[in-house]
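Given the structure of chain A, go ahead and fit chain B onto it with the hints provided.
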Amino acid sequence: MTQPAPSAQHQGPGKGHPSAPAAPPSKQGSGSRALGLRVDVRNLSLLGVLAVLVAVGGITEPDAFLDTGNLQLILTQASVIGVVTVGVTFVIISGGIDLSVGAMVALASVWATTLATQEYGFAGILFTAVVVGLAAGLVNGLLIAYGGMVPFIATLAMLASARGLALQITDGKTQIVTVRSVLDLGLPDSYVLGIPPLVLVFAAVTVAGWLILNRTTFGRRTVAVGGNAEAARLAGIDVRRQRLYLYLLSGLCCGIAAFMLIILSGSGQNTNGNLYELDAIAAAIIGGTLLSGGRGTIIGSVLGVLVFTTITNIFALNNLQSDVQQIAKGAIIVAAVLVQRRTLRGGET
Amino acid sequence: MAPEPPPLLTMSGITKSFPGVRALDGVDLEVQAGEVHCLLGQNGAGKSTLIKVLAGAHQPDDGSITWQGAPVQLSSPITAMRLGIATIYQELDLVEGLSVAENVFLGHEPTTAGFVVRTREARTAAAALLRRLGHPEIDPAREVGDLSAAHQQIVSMARALSHDVRLIVMDEPSAALDPDEVDNLFRIVEGLTSDGVAVVYISHRLEEIRRIGDRVTVLKDGRAVAVGLPASSTPTRDIVAMMTGRDVEYVFPPRPAPGAPRATTQPVLTVEGLHRRGEFEPVDLELRPGEIVGLAGLVGSGRSEILETIYGARRPTAGRVQVAGTPLRPGSVRAAVAAGIGLAPEERKAQALLLTESVTRNVSLSALSRFARGGWLDRGAERTAARRATRELSLRPDNPDAAVRTLSGGNQQKAVLARWLLRGCRVLLLDEPTRGVDVGARAELYAVIRRLADEGLAVLLVSSEVPEVLGLADRVLVLREGRVVHQADAQELDEHRVLDLVMEGSPTS
Chain A
1 MTQPAPSAQH
11 QGPGKGHPSA
21 PAAPPSKQGS
31 GSRALGLRVD
41 VRNLSLLGVL
51 AVLVAVGGIT
61 EPDAFLDTGN
71 LQLILTQASV
81 IGVVTVGVTF
91 VIISGGIDLS
101 VGAMVALASV
111 WATTLATQEY
121 GFAGILFTAV
131 VVGLAAGLVN
141 GLLIAYGGMV
151 PFIATLAMLA
161 SARGLALQIT
171 DGKTQIVTVR
181 SVLDLGLPDS
191 YVLGIPPLVL
201 VFAAVTVAGW
211 LILNRTTFGR
221 RTVAVGGNAE
231 AARLAGIDVR
241 RQRLYLYLLS
251 GLCCGIAAFM
261 LIILSGSGQN
271 TNGNLYELDA
281 IAAAIIGGTL
291 LSGGRGTIIG
301 SVLGVLVFTT
311 ITNIFALNNL
321 QSDVQQIAKG
331 AIIVAAVLVQ
341 RRTLRGGET
Chain B
350 MAPEPPPLLT
360 MSGITKSFPG
370 VRALDGVDLE
380 VQAGEVHCLL
390 GQNGAGKSTL
400 IKVLAGAHQP
410 DDGSITWQGA
420 PVQLSSPITA
430 MRLGIATIYQ
440 ELDLVEGLSV
450 AENVFLGHEP
460 TTAGFVVRTR
470 EARTAAAALL
480 RRLGHPEIDP
490 AREVGDLSAA
500 HQQIVSMARA
510 LSHDVRLIVM
520 DEPSAALDPD
530 EVDNLFRIVE
540 GLTSDGVAVV
550 YISHRLEEIR
560 RIGDRVTVLK
570 DGRAVAVGLP
580 ASSTPTRDIV
590 AMMTGRDVEY
600 VFPPRPAPGA
610 PRATTQPVLT
620 VEGLHRRGEF
630 EPVDLELRPG
640 EIVGLAGLVG
650 SGRSEILETI
660 YGARRPTAGR
670 VQVAGTPLRP
680 GSVRAAVAAG
690 IGLAPEERKA
700 QALLLTESVT
710 RNVSLSALSR
720 FARGGWLDRG
730 AERTAARRAT
740 RELSLRPDNP
750 DAAVRTLSGG
760 NQQKAVLARW
770 LLRGCRVLLL
780 DEPTRGVDVG
790 ARAELYAVIR
800 RLADEGLAVL
810 LVSSEVPEVL
820 GLADRVLVLR
830 EGRVVHQADA
840 QELDEHRVLD
850 LVMEGSPTS
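From first to last, the protein sequence lines are chains A and B.
1 is the number of the first residue of the first sequence in my numbering; add one for each residue after it.
350 is the number of the first residue of the second sequence in my numbering; add one for each residue after it.
One should not assume that every hint holds.
Derived contacts from chain B toward chain A, CB cut-off under 8 Å, selection only [unchecked claim]:
(1) LEU703
(2) GLY724
(3) LEU726
(4) VAL833
Source of the hints: derived by calculation from the structure; they are not laboratory data.
Glycine is no exception: its CB is placed at the ideal position from the N, C-alpha and C atoms.
Looking at chain A on its own, in the form it has when it is part of the complex (with noise of 0.2 Å):
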């Protein structure tokens, strides 16, 4: 973002056509500065696009829009896809898909609250959740990694299968939560200044996928294999193993998930998680994560998800049906994908 000019000016076919102007070299220089801000932009207008919002917000319903009961109840409800989200921007990072985060939280959800499973108590829910999670997206890894599947079919044969398991489970029953210490998490009482539990998980996780993106080497791997999963290859890197432990990944999220929405609700039940995929790719998408792979971000996703959020709650309190919250989701996600475009076209000549 702040590349000294000059730099820019070195490059450009300058050596052995004297006869070029200097006129490309910098053009280009500019571009790739252009592209590097535009990024930020994205961020930026997203960020700007909430703001938007919550004036709407202010503006239409200035009293239950800005309750602070409201406001919590927007966050703990981003929490839940938020955490999901976070886990598929790794998978769409990775030049993947996953399409089973949803039936993935389903499955976990009802397996953490089967009676067997609720007389351990709250770990024996949270264990419960968590495994349930991991095993899925351990299933959906190896499918893709090593059986050398396609993740689109992989997650979606999940998608189905793990949805069907969950039906089989509760026999299409709510599975009503009885442990206590699981229920009071949802409570008022257990709020830590005013914020919910279950943002303050949204909030770890949002920080530990930050981290492990931009400062370790699983993270570094990931934007490798999904910009160029070859050159990855051919640099040594273990794509395979990499791709095995980003479902990992994105199974251990649906889990922790499974878990937040098992607070929430106070119950597991098979219909959990109903289009999570489409949502938390959503959000991904015009977060800014480019869903060939090799580029995205964890913010730009978490701004993706509180967008959808709030607009989600604004026409709620607004009465507008959720006819007319779906179009308006879609058009924010066409919009999105066209600024995307223009962005990466800028990026190429």
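Just chain B, lined up with the frame of chain A:
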């Protein structure tokens, strides 16, 4: 003869740049109706870019195109096709899951009411085209994926002829063909030209050009160094000289004095009977520290395959690779890298670089764990080490945050070399290290490679540019069709001898 008719096609001053590379630098081309115009040049000379401009797939930055006397803009492949320009690419652009007839008429199917394809009519017409091309045995109803490479090429040609075509561009059409099939190809070309169709023919094989060419345009480093030479009477030596650009002096670094410790040291890389069925015959090879060994051969001679098999990117059918006496696990890149082998692959952008990432991140990629404790990156140390490596190779701009995409070809290659310098390898495999690198930057790369060797690295070099192999390597292995046909000290060979060895056995000799 009557006064010369106006040319069918005139391209003048065509210029096209890609980030970091000027692929075409004011190229002129003039094609007459009914002639076979040959386009010659080494890899990276700009042939592919030029024909993509002609096909409407690339838009030139500058220059003009005149078609049958009128200026035109080839703004898309469809525009070019409507004018009657068809291109048969080296990588055939057929849809494997569709039938022969469906491929031939793809995009302009004979239809009823605008959308119902008249399949029988398409098949009859396709059969007629295939007969005209001398291959009545190809069934128009068959799926293209089931056909041999040679037959697929015929289908591609039939597709070109299904349009009202005035000019056909053929990009190395003989590369995938047996001698008989090449004869048939030439018959087809003669048939086309006698109908007044012009053919732009690209080939590496000089004797083919002598047989069917009328005129020759030679490209070198994005410029046309000769336009419209007579194909039959220009001496081979002149053509080779223009292609290899003897006028541009390659500056090679001096070799270390003979009798240096080379002969006495143990080989660091030993390859024994390494073999991959269908790609190359068993190869034996020894590399000592400080030595540069060159592999010379044409595209398809197995040179890149050998390099990639040594590196573990391809699994050998038989044979083994040892580094300093320790055998490597076959087919494992990670084992090769761990043992100290590094590869600068042929397709730098596709196989080595993360183009949108910074120089630092590209350079550190193979040694990431060295800068990490418990997976946690010490980015300061990473940056310092990457910077040391790039400075040692004088990579420019000296900016660790610059996206690799914005570097010139030569500096991108330096980024790849810096990766292995940072990793600290003992054997460096270089596949076409100067492809897409302009002449001035090449000398610098040569000096870098020689210096790395002098510092004790063993280098295995593949290049299709014979002078590069002869000038840089100490020892040269000449490959033809997957077989080592000759092995000698670089100083005992000259370019003509190597070219003879490399091309011997091609169809007409």
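Checked hints:
no.	hint	in the structure
1	LEU703	4 Å, holds
2	GLY724	5 Å, holds
3	LEU726	6 Å, holds
4	VAL833	25 Å, violated
The structure does not agree with numbered hint 4 stated previously, though it agrees with all others.
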